[in-house]
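So you can see what is in the structure, the chains are spelled out below.
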Amino acid sequence: MISSYIEILLSCLIFWVTYFFCAKKRQPVYTGFELLLFYFFARVFPVLMLQERTRYHLLCLSAEWVLMALLYYYLSQSKSRKMQHVILGFYLFNPALAVLVLTANIKGICVSVFVLFLLCAADRILEKRQISLLAFWPEYLLFGTGISVLLMAKNNIYGMCMTGLAVAGTVSRLVCLWKNPTQRREAASEEEETVQEPVRGSQRFTGWDFICMAAITLLFAVAVLWKLGSQHTPETFASFRVGNPGENEIVLQFGKETEISDIFIFPGHKGKRIISFSALSVGSTAWEVFDSRHSVESVFCWNRVAVNRSLHSLGMVLMEGDADICEVVCLDRNGQVILPDNSEDYPLLFDEQDLFRNPATYYDGTMFDEVYHGRTAYEFLHELPIYENTHPPLGKSIISIGIALFGMNPFGFRIMCALFGIGMIPLMYLFAHKMFGRTGVSCFASVLLATAFMNTTLSRIATIDILVAFFILGMFYFMYGYTQALQKREPFFKQMLWLFNSGLFMAFAISTKWTGFYGAAGIAILFFVALLQHIGGISKIREHTGYLMKTAGCCVLFFILIPVVIYTLSYLPFPKVYTDKGLIRHMIDNATLMLNYHKDCVFEHPYSSEWYKWLIDARPLADSRVYLENGTVSTVMTFFNPLLCFGGLLAFLHQFYLRREKKCKRAVFLIVGYLSMLLPWLIIHRTIFIYQYFVSGLFLVLMVANSLSYSRHPKRNMAIFSVLSVILYAMYYPVLTGQPVKVSFINQVLELFTTWNIA
Amino acid sequence: MNKKFIPTRAVWYGISAAVVILSYLLFGRTGDSQNRLRVFRMITDLIMLTCMVFFTKKYIGIGKKEYTEEQLAGILLCVGILMRVGYMIYTPCNVRSHDLWELNENSYGHASYLLQVINGHLPKTNTVQFYQQPLYYILGAAVSRFINFILQTKDAYSMVDAAKTVSCMASCISLVVSREIFRECGLTGRGLMRAMMLVTFLPVYFLSGGRIGPDALSGMFMMLVFWYTLKWFGEKSWKHTILLALFYGLGMMTKVSCATLAVFTALVFADCLYQGCKNGTWKSLLGKYLVFGVISLPLGLWYSVRNYLLFGQPLTYVPVIGEDSDLYTGGYSVFQRIFAVNVKNLFADPFAAVYDDYNLPVYALKSSLFGEFRFDKMKGIASVLLFFAALLAVCCMIALIYQIGFAKGDRMGRLCLTAAVIFYVGIVVFYLKLPYGCSMDFRYMLFLPVPMAVMLGKCTWFQKDVGRYADIICIGFSFFSFFMFG
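Residue numbers (this note's numbering), protein chains in the order written: chain A, 1 to 759; chain B, 1 to 486.
You can take every hint at face value.
Below, in silico cross-link-like pairs of lysine-lysine (BS3-like), each with a Cα-Cα straight-line distance of 30 Å or less:
no.	chain 1	residue 1	chain 2	residue 2
1	A	Lys715	A	Lys434
2	B	Lys464	A	Lys663
3	A	Lys25	B	Lys408
4	B	Lys408	A	Lys24
5	A	Lys665	A	Lys24
6	B	Lys464	A	Lys24
7	A	Lys665	A	Lys540
8	B	Lys408	A	Lys662
Calculated from the structure, these hints are not laboratory results.
Work out the full structure: start from the sequences and follow the hints.
This is the structure we're talking about:
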């Protein structure tokens, strides 16, 4: 419910803020299509977001149509068409009415009919005094907000205060207007003022552009590759099988009574690794089981098992599944490594003792979802049974290239993600250059992306999110290129080249993660809007049948056939391991599995966060956190640069103003891009994390650039913004990359909000 | 207009002092004269309500416009003084007090300090509250002796309680001085009324005026210092120089923190010297600076020097509570404590929680209304008051932005902005050095509302359309403050 309330709040905020700033110059005018969109976002979407809907919601939605019909009838009798649309916009963005529908409050809807009659009557009376009811919009909004707070919080005193303030405001305004009646302008002038976008620079990509792009990319590459991960971790392993005596147990003998504090196990890829630990003391004949079912959860990293006892022999019995164990390290009470007397019985378990690190950080092993993606990439490479199958395979196949080149170590499984993350900087540069045609703005966008925090973290972890982000960014970049090609009326071949590339990137994105579908929906909207604008509207379809048919044919090829082929081919590792099914069958079965998995994937997680918390950076995700000596900590946090997060949010609001007041076409592109990657998460009820917001965050970068390009001093403002962003990046770099940093520094300086749990 | 009676500044000072003393003499001994107290409250409430209704009626322009803004401001001054006196009368000295402690000479609290001075000597240690500057206690002792001589009382409670009148007088005079500052800054019309309503009804002035402690007096001296700096900026006469030096000296003799504004005055002095160098008047300015220093420094620092010599007490000494205290807030980051606005906390409970809260802006807002105290029986009204206060704070922030970016050529506005920023930075530094819940109390920021009120009054955005809500918010704030404390 909170999620829906916040959606209503945001929708109303966008509408009223845009109205407030636009109405200063002239009354905004809304088209029928816009009203339809308003209705969807203010009424239908919040209901869709609910986890449980009742028939009363449908009843309320239907009953409201009666209300709207009455209102429309009244307006059609007395107002111009433009005014009708403005008032309908007002009606739709009254938060109280939206909350009434959301809470299925049918009584409230009935009362609203009565209030509507009162308002119509008041309008008649005021009209005689030449006072427009629109003059009371602040009171209308305040009253609606007050009532909605009352509805949401039940007798909340602040709701009453707002309502009271609205009444006082109405009285005050009535007194003022009664004494000095001034009629508000009811409609905008017929001649719409055409506002030019800021002058675009040269579209040509110059040598200077190349130098700037390369320099920023290089600097970012250094930041990403710095201590990316160790190339030296245990790699040889011994296999153990459950149930077979002699093959399911390890017995370590120390020759004499020895104090063991901990043992560390570095498991390979296989099995569930449930192990029973027992100890045998001198003089005792019976084994003492001190941990009967210990789950050694994380693969390819050091797992600690607390022993804290004096023993002669240590027994480990595998309880469930098979397991590959790369290395076992025993520590005495002083934290020194002890080699068992019989270590030669298990040569593969004790051959890489010098690679043990205590404490082991992100640098020495897998962290967070690397235990799934890194491991599965390894399995793809070695044609082993596939563990992670809840996302399409392309991303893991890409990760496996790094493993093939550098081995199954942190550097090996992270390098490909790092390269793709680094590659996003020039891609963003090109995108910004295409969009703004200026070197300065392109540099600004690249710097902003490089210092976006999450870009760095996701580039340094072997998960598929940076890969899909790269592909989605490419997909939108090429679609933007297509819209520009249409505007410039470039040859058909060039137009199709842009579309082909966009389709190709879309295919890669979807083959990496299904979030690519969200982006696909976004580019579909942008494609149709651009195409319709190009041919001059729906009415001109018949005139351009030939051109449209050709385009449609290409689109089917680029956006359906080629992606289907690529997506299917991405499953090539599957039939190699599971030979019972063919490639296509694997693809279909896995799709069904993924659909069912993500539908029911709800679990408690300390770092999970709802979509509205992403907007304000409320819950950073800790990928790794290891407390070190001297009060320092090595922590890898996933979150956005607060400057970009909050600045981007303002820029997002500003895009609506730019679209309406300045007729900025870029703003529409950016809004659609941003929302296409965000809105699906509003109706998804699985457990989600802040990194799902990363792709939307890419559009925030361009939105900030767009907003600042309209400011009075764009160069100065961008320079200030960049400098602040770089300063913040430098401050937070250690906690983004796991470098040791004082806990007190984190607590005193870096933790901006109480919900941030960095250390 | 000349025929109408407009009280002069001196009359207002006189009225304030007389009302405070006489009221205390008539109704002062709270606890044993509840009936008289009720009658008094009824009368004052009636007067105040009449004044407020009358003012509101005139303010929104209903009825004949035969009264000047001077007289409207006068009505507000009257109500403000009555509110302060009323609160002082009905609040015993041991209710909503700070560090008063036991009413004897050996508890090291404010009461102890005062009783020692009444008995004719300054504290012989600097333990706990005895490190404080002495002016408040000296004045308190003198007034207490006078009042108790008339009332023929000698017990410790009466001796301590009567010293509240000094705080109350300081609070009332602060109000009059605020009006003078507004005049100096050129506030007129609705802007003047907004500013007046803010300083008249801000409850922290009632609270500080009704308790034993140097806060109200130091607040008054800060306002005087600010006012005379503005006057000196306009006219660099010897009279203004000497008075400014005196107020600085006395202010620092009340509380060393008065020196925070010295940065502001120093900037004004430096600017004037720079201008003087340009037009050749720098020699006379240097002379005035010298005289300023000769008067203010010995007056303001003699007690600090005494404490340094006797006890080795540093100039800016404040007793440190320690990190183990429940009041310690250093566990939160600087951003959370100082720059973020904890909206959740703001509306969760109208009252500040000194042991739990850590966010300076929210704590300052809450403590400007209710101090560190809870008024659970009036939680409803308190919540509404907080609602209006929060909106008023937003208006003040908007006015600040207006002053920073959009008020070109407004020198007085700029000076107010500079003073407010310097003072707030001082508060922030203080809180950074002493990260405890009590460091955020608005009783240390009594000066801040005045320059903010000037900016609120000067902001032209509040003159039209949605901005008119600033007026409604001010009126709402005034009424609910009255209901809460009147």
